[in-house]
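> Keeping the supplied structure of chain L fixed, place chains R, V, H, D, P, A, S, X and C upon it in accordance with the hints.
Chains as they are written, first to last, in our numbering: chain L, 1 to 97; chain R, 101 to 197; chain V, 201 to 297; chain H, 301 to 397; chain D, 401 to 497; chain P, 501 to 597; chain A, 601 to 697; chain S, 701 to 797; chain X, 801 to 897; chain C, 901 to 997.
By construction, these hints were calculated from the structure, which means they are not laboratory data. Glycine included, each C-beta is placed from N, C-alpha and C at the ideal position. Be aware that one or more of the hints could be misleading.
Label-pair ranges, simulated between beta-carbon atoms [as the list claims (entries may be wrong)]: (1) 966/C / 166/R: 22 to 32 Å; (2) 421/D / 872/X: 51 to 61 Å; (3) 480/D / 270/V: 39 to 49 Å; (4) 732/S / 421/D: 49 to 59 Å; (5) 280/V / 172/R: 21 to 31 Å.
Now for the letters of each chain:
Number of protein chains: 10
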Amino acid sequence: MEFLISIEVSLPPEMPPATRDALLAQERVRGLELVESGVIRHIWRIPGRIANVAVWEAQDATALHEALVSLPVFPWTTIEVTPLATHPLMAGGVPRA
Amino acid sequence: MEFLISIEVSLPPEMPPATRDALLAQERVRGLELVESGVIRHIWRIPGRIANVAVWEAQDATALHEALVSLPVFPWTTIEVTPLATHPLMAGGVPRA
Amino acid sequence: MEFLISIEVSLPPEMPPATRDALLAQERVRGLELVESGVIRHIWRIPGRIANVAVWEAQDATALHEALVSLPVFPWTTIEVTPLATHPLMAGGVPRA
Amino acid sequence: MEFLISIEVSLPPEMPPATRDALLAQERVRGLELVESGVIRHIWRIPGRIANVAVWEAQDATALHEALVSLPVFPWTTIEVTPLATHPLMAGGVPRA
Amino acid sequence: MEFLISIEVSLPPEMPPATRDALLAQERVRGLELVESGVIRHIWRIPGRIANVAVWEAQDATALHEALVSLPVFPWTTIEVTPLATHPLMAGGVPRA
Amino acid sequence: MEFLISIEVSLPPEMPPATRDALLAQERVRGLELVESGVIRHIWRIPGRIANVAVWEAQDATALHEALVSLPVFPWTTIEVTPLATHPLMAGGVPRA
Amino acid sequence: MEFLISIEVSLPPEMPPATRDALLAQERVRGLELVESGVIRHIWRIPGRIANVAVWEAQDATALHEALVSLPVFPWTTIEVTPLATHPLMAGGVPRA
Amino acid sequence: MEFLISIEVSLPPEMPPATRDALLAQERVRGLELVESGVIRHIWRIPGRIANVAVWEAQDATALHEALVSLPVFPWTTIEVTPLATHPLMAGGVPRA
Amino acid sequence: MEFLISIEVSLPPEMPPATRDALLAQERVRGLELVESGVIRHIWRIPGRIANVAVWEAQDATALHEALVSLPVFPWTTIEVTPLATHPLMAGGVPRA
Amino acid sequence: MEFLISIEVSLPPEMPPATRDALLAQERVRGLELVESGVIRHIWRIPGRIANVAVWEAQDATALHEALVSLPVFPWTTIEVTPLATHPLMAGGVPRA
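Isolated chain L (complex conformation) (with noise of 0.2 Å):
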């Protein structure tokens, strides 16, 4: 099952840059896990902010809890759940034509 997923992260700007810069290096380490496995299935940076739109794809909403926390920036997040429905307009995932 798809979710739509919008995270924005808030770090606090006195965060000492070594402690932001691995924190950002493991986020793009587990970021690049959850791609490859096909968890986050698209995702898009929303721009003017440190936050992105994204497609998750997980069995259920427990399954889909364990994935986002599992984001090293998780403490930092304010994070948006919507389910999503297949469209008619859609096939199997990809455009009917």
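Using the frame of chain L, we list chains R, V, H, D, P, A, S, X and C on its own:
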């Protein structure tokens, strides 16, 4: 350029069924055209509402507006537009692995 | 998978009483079917409004949407959907003791 | 009487891990007591947040408040309380069939 | 148990005056019954709106809902319900001195 | 003249317990004075929050403001003030029967 | 006592012009009476809306409500009421110099 | 003085096409006059809505209001007005370089 | 030109009393200057908050901004600005009678 | 393509003045570069806040995001981005006359 488009459709319950059916049939035809021409790249239904969220491709906001007003249900919609930037985890719109 | 579903019904006060009564009778029949088939697991009334909050069981958001639009009052509703994950204090949906 | 209780927990990211772990361990003990004593009837996790939604049973709002402030994480919570009325589709809290 | 009840009434300006007057006369009769039977314990008007805020007494949310839907203006209302707990500064509902 | 006053208190969780206890003890003393002098006419606790809703009596908004800022917890509060008008169902502040 | 009153008027665009003109003529007459009798102390128009913000003088909220409902456009208004306290920079309502 | 003006137009979908076309033709004529006379300095369309955002020049809020109510679509609009101050990066309204 | 200005001041409760007293003393001096020079035409306190609403006179938004940032408490404020137009019930800023 | 960009800057009042001055000096340098290179086309100050509204030109949302995060104050900002379409009253970005 890609945009995240959320469309909520509010047809009045008292609309005659024949009018409604004709409108939705036209909407489906136009939707398929937009999918086939690559303007609508992905689309999902939001459960519990006559609503969808989709990724649209357009040269700029002017072309996007023209595509959105071409929807037969446009007069009954509330539409939110979010411009999307490329996320480093994706390359060329597909997972980077 | 379970979903928390909040449904608010806004029937126009000027709806003829016979139309309203017939609609609510159909709604009750469909509600009982959904309870008996295990789709609606729990349901409560919100005092002071024609509204309820309920726990629905569905395979995914697509099946959930189909169940929600099957409600006769659907055209007059505002529905909020929250996907639910298992809480460690519960095991198999019943208190863990 | 039943209440729908939404609890969001906002622990500051800079809380020392030992303090945080001890607090959450105490929270778990208290949560189990409330489940075993029948105060918390159902509880689910909201994916993507340190949050839950639950059905609490209490004699009245005064008893409910005492139960809520007994949570070790109470000082870090935002809590919403919705009183619940019986829905005609349920009889005695279980599906009517 | 006591509840804080905020009621806003939105009668359409185009309602015929005779219909409106009859409705408000019925509302007044029902209001007096609820005051005399001790269901409405206190009630105040909110200036500038057809609205009031009141303290209602009911055994639980189910009884409260029945009392609220008994108001003749119920189909035109927006109602907010807040359950009230006893405050230590009051004893038995009257000032503690 | 009467006012509906909603007070939410946000003490920081990291306030030292002794400071907090002393502050709340002072608050209780001041609260009792305001009840005994007839300024606070009714007061209820909002379950799940350090909050209350109350009916205050003051000659005008200037006198009300002086009474509110006299609360020891005032610097940590969010306060909403709603002026109250007499409702025809009440006479002299007590039920009309 | 003074109150800050914000009034937004929402006349339906389809109201017949003659009805609208008569209503606004009555409104103007009543407005002048309220200005001349000192109830409306100051009034300004909010640009871009059929709306105004004003300072009204009334003995209490009950008298204020009676004055507000005396406006011919009252059934089409949304009104916000803010009680005003004296500011130390003003003495007797005029600048302190 | 300049103002940022956001205008959203909500024509009812059931407005007869001829009425709508005549209204929009009048709106275009008036819009061109306001552009030519320098009242509307810049204007952009908001994609996905019948809405625009523009910079208007007017001597003060009174003159601005007169210009806004001169729009033929005014009865169907929701307008937000933000007064604009000069930014140090601009000199005389053009980039400072 | 006149503006309706709402100012809310949020001094942190942990600010040392001497710092706070000095700041508020400076604020009072600056406030009196603005009243005496006719920039602040009217000002009222909002009960229950460290907040005020006032009518300021300034040539345009640029001059208004300079006056607002001259307030010693400016870094701790949230300010809302509403431009005001002349209302036909007033002539020259005083009641028309 | 053009975007309407609203930027609110929230520097903590307790930031040392030297740090603040250095940051704002860097911000001014970067702002001038963006104006001179044609990225910021128009910019206005919002009175009463450390905020501005501006029209930015960028090839797409990805280029826009890079320009926005290049602002030295970016970590302390809240930014809203609205894509802008051409309005028929303008031709080539200048008034059509």
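> Give me the numbers of the hints this structure contradicts, sorted from smallest to largest.
Violated hint: only 3; rest satisfied.
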